[in-house]
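K.L.:
Dock chain B against chain A, hints included.
Line by line, the protein sequences are chains A and B. Per full-length UniProt numbering: the first sequence ends with 263, consecutive numbering throughout. Per full-length UniProt numbering: the second sequence ends with 419, consecutive numbering throughout.
Fair warning: there could be bad hints in the mix.
What the hints assert, rightly or not - Heads up, simulated SDA-like pairs for lysine to any residue below, C-alpha to C-alpha not over 25 Å straight-line:
| # | chain 1 | residue 1 | chain 2 | residue 2 |
| --- | --- | --- | --- | --- |
| 1 | B | Lys-280 | A | Met-234 |
| 2 | B | Lys-10 | A | Arg-239 |
| 3 | B | Lys-151 | B | Gly-282 |
| 4 | A | Lys-156 | B | Gln-326 |
| 5 | A | Lys-156 | B | Ile-357 |
| 6 | B | Lys-10 | B | Glu-135 |
| 7 | B | Lys-114 | B | Ser-63 |
| 8 | B | Lys-114 | A | Ala-171 |
| 9 | B | Lys-280 | A | Ala-235 |
| 10 | B | Lys-280 | A | Arg-211 |
| 11 | B | Lys-114 | A | Leu-246 |
| 12 | B | Lys-19 | B | Thr-58 |
| 13 | B | Lys-10 | B | Asn-105 |
| 14 | B | Lys-10 | A | Ile-179 |
| 15 | B | Lys-151 | B | Asp-35 |
| 16 | B | Lys-104 | A | Gln-131 |
| 17 | A | Lys-156 | B | Ile-47 |
| 18 | B | Lys-354 | B | Arg-291 |
| 19 | B | Lys-93 | B | Asp-134 |
| 20 | B | Lys-104 | B | Arg-139 |
| 21 | B | Lys-104 | A | Gly-244 |
| 22 | A | Lys-201 | A | Leu-148 |
| 23 | A | Lys-128 | B | Gln-107 |
| 24 | B | Lys-419 | A | Arg-239 |
| 25 | B | Lys-404 | B | Ser-317 |
| 26 | B | Lys-280 | B | Met-310 |
| 27 | A | Lys-128 | B | Asp-9 |
Said to hold, decoys possible - Going by beta-carbon spacing under 10 Å, a handful of chain A positions derived as facing chain B:
| # | residue |
| --- | --- |
| 28 | Arg-172 |
| 29 | Tyr-173 |
| 30 | Tyr-176 |
| 31 | Gly-178 |
| 32 | Ile-179 |
| 33 | Gly-213 |
| 34 | Asp-241 |
| 35 | Thr-242 |
| 36 | Phe-243 |
| 37 | Gly-244 |
As the list claims (entries may be wrong) - Some chain A residues flagged as far from chain B (calculated, every beta-carbon gap over 12 Å):
| # | residue |
| --- | --- |
| 38 | Met-44 |
| 39 | Ala-73 |
| 40 | Pro-100 |
Derived by calculation from the structure, the hints in this document are not laboratory data. Using N, Cα and C, we set each Cβ at its ideal position, and we do this for glycine too.
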Amino acid sequence: MSTTVIQHRNIATEERFGGGMGLSITLHLLVVAGVGAAAWTGLMLHDRWGGPEANAGAIQASMVSAIPLPQKAAPVEKSVLATENASEAPAPPPKVETQPPPRPTDIEVKAKTQPAKIAPIPAPAPPKHPQPTPDTTKAASGEVATQLPMSVTQVKNGTASLTVPDRVYGARYAYYFGIIGRKVAQSYFTDGISAIASNGKSAVVVFDIERDGTVQNLRLYQRSGSPTLDAAAMAAIQRIDTFGNLPAGDHITIEYKFDFHTQ
Amino acid sequence: MEINKGAADKIRVAAADFKPLSADPQASSEKRVFDTTLFSDLSSAGIFDMVSKSMQPTATPGSQQEISIAQWASAPTSASMVAFGNLNVSAGKLVVNGFLDDAKNAQYPLIFTKMYTDEATDDAARQVAHRFADEIIFRLSGGVPGIAESKIYYVRLMGDGVKEIAEMDFDGANQHILTHLGTDAISPRVSPDNSRIAFSALSRDGFQIKMYSLLLNRPVAFPTAGGSNISPAWGPGGSQLAFSSSRLGRNDIWVSDPQGAMARRLTSFGFDSSPTWNPKTGSQIGFISGRTGLPQLYTMDSDGSGVTRMTDGGYASSPSWSPNGQFIAFAWDRKYGPGAPGGQDIYVMEVATKRWIQLTNGIGRCDFPTWSPDGRHIAFANSPDGRANHTRIMGMLADGTDRKALTGAGADMPNWSWK
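Bound conformation, chain B alone:
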């Protein structure tokens, strides 16, 4: 019988250093990358109370037979769960055996064991650690997949003043540029199946919606329309694309299929932009509208009916709907105007009740929040001194805690992948 103190306490997990099975000098580099990545993935998941490595037993168990589970369950380790295993490099192959044990269950401690095989490189070791961490998070969080394999797409400010679309891992590692358009490419939005990125780029026809295929690694065709076409947003099925277009004079929300065909207009009052779909149902769209003056957050049904105003004032921008459909994160300057107190910060509003909380405060201008696929994290753009070229991407838990920078200066408009 297990007695839990309450809902708030986190599962205490110990991540042991993995045991190297070979004396290969290359293995030590991969082992270090693997151990570091696993520990950081588990701690940044936000649902575990990680045991500090200094509190762990000195023995390094490599398999189920070698671990003395009572040693890990007792103080000062006091772990509920232990992740451990072994790592072997031979003939350019990396083989990792991972175990997860329930330290409270002396009779049947083993929860699962996994074997991973990959190239013997640091990148591969990091990927294996991500997958093992995802598996642990998936098992222990009750069915919510981990995010260790998710990506963040963002805008990289290049040295020559242009903006290109870039990609990185969820923890900020492995940053690289995707597009080479030599122009301003903004608002990247990845499709739900991670196959394409829709974005808005400045061309001789003004801002136009563009497509980039992640499978072909090149831009693919998307029709050009009159006026300025900005802020694309994928519907959760991947069969619809919402965006803001001024092809009929004023900026309205339009919806088309992913090929840009069958475009139809949803709003008609003008000054509407930044659509975001309810990813859970696909039947609602949140958007920003300046129809009553300063931009405010609105929601409507995906056919354009039932428009509801959500914010009561200030200057709202860049909404992002949470994966479970319960919340909308957005940037808000509640006291907008010259000399007004406060600044632009990240807020989260519960859609059903319109109750909101403020997540950031006093760290400079914040904008472009985006939810992680598990709904537990939010990435956003932050400029500590308000200057555009100092903007960086930050990550935090969805309650505003555990905030850390994912990139250096020169990164903006993050968009977290759907899985």
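Chain A extracted, bound-state conformation:
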């Protein structure tokens, strides 16, 4: 049944197609003819460009003697706002007379002379030990103030000097005080000392050394005025367990002075 329908449709399509084809050819021919007629009319029935016609349009030119330019306006003289005359320029600054450069010959050259040799002035040698400052509250005849220290040790930033009030003992056992000086210098740390506040100042500590070499009665005898220097001087002695047995005697008293000088 379906085959029958398809065939029927095909027949109907062919019939309609055959009628439309004739109409289409006719219409195409009419369009071609119209285009050809229009082209012929446009090309043949028009004037040709550049053709020989005498009445063709043209520009006519005639020579004159002058061009009629507009009149120049008279300059405005009285106007204060604008003038065409240039105003007077300000006078240039007066020329400063420059000094001619000195010629080499102008300067007198001294003959080379050997400078007279001056013997160097010997700087006063620094005192090898801190000078004891006279204590004004005491009699000047006090022997402690005039005694030379037993041992002076150069430490970092200054000196440390040891004084033994018992001078006979100090002379007899000088080696022992050399050992003390060495041990104190090893345990004296200057890192914590304020250099600005302590420069040129001295702290004096006094202590006893017992028979077994231990330190007793450690005290700050003279403040330096710089707490950091005072503390470092005290700590230097406090760090020491023992100085070694005393060579003789029951105990000795030691005065230790720490001078601080920045290098």
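P.N.:
Showing chain B alone in chain A's frame:
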């Protein structure tokens, strides 16, 4: 008045050859031993600038009357101190008179004089020289005793592969074996009174703490405990013994009395070993712990509180606390691992500040540092090529200078006596 250049310069000491008083031919041998030992003791003390023997005056003073002190004080000798004396051998007895003079003090030069009497043998001459050197060091160092009579206990690697405890003088002389256990005995630690040695030995119960009496010259009883018990350490009073024990499963620090009784545990995190007491106070213990990975150095109070980590990395081992309590020496491999630069070296750390310095470098594997009683020397085990049987014991000053070998190959784990 004496002017010192500074703290760093050492006392210049001349040690004269001693004058033989007798023509006994035996005396020349003892005199040579005595002179050599005295000079080497004084130079190894580390606090003297020794006058070379070639710079000394040709005269040999034998007594205080014979010495011309100005001759020794002037250049080229320039000595501050002169040690001299005489030596006499008669009837099998050695008599030595020693003098120490202050060359800078023309008026009272004599500092002290000592007389020693002993058997006329080379060993006795060496001992007398040690004692005289100790006396000089004691007088001139300001109260720090000399170490010339101290001993070093160590592990001797025997030919048959076992390890025994041995003893020698501080300078490497007079080496001899103490124990004959036929097993691995390690970590000798001598008691503060030099009467006993605690060590760890391998037995059928694993490593156990053992005791050896130096007075009886034989092992004495110490109780056996479970697990591995290693690295004993004497407390400074001699009444406490710290060690590492795994009797409860993991290695912790334990403390007992010298008889092994009243053992109590101080740490509980495991992997703790190598305790060392603060010899100055006895109130702190340094130890090695692997609680955070690689072994690190720690300190704690002797009751187990206040644990503080000291090292920041690497591989730390075998700490030893200095006699003055200020420093801990230990072996440290700061860049531990395969292909890492450097190696295991000896370091010293200041306990209060945790600042450290390196003492050895580039001499091979170093381990087991131990302080001398005066705190000026450190002995340690060193293997130049890293092989265990090439390990020897070296000595040096505590700043790492003046390093020298004390033994040949086959000595390990030194422990310096307390006095």
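K.L.:
So which of the earlier hints does this model not fit?
P.N.:
none
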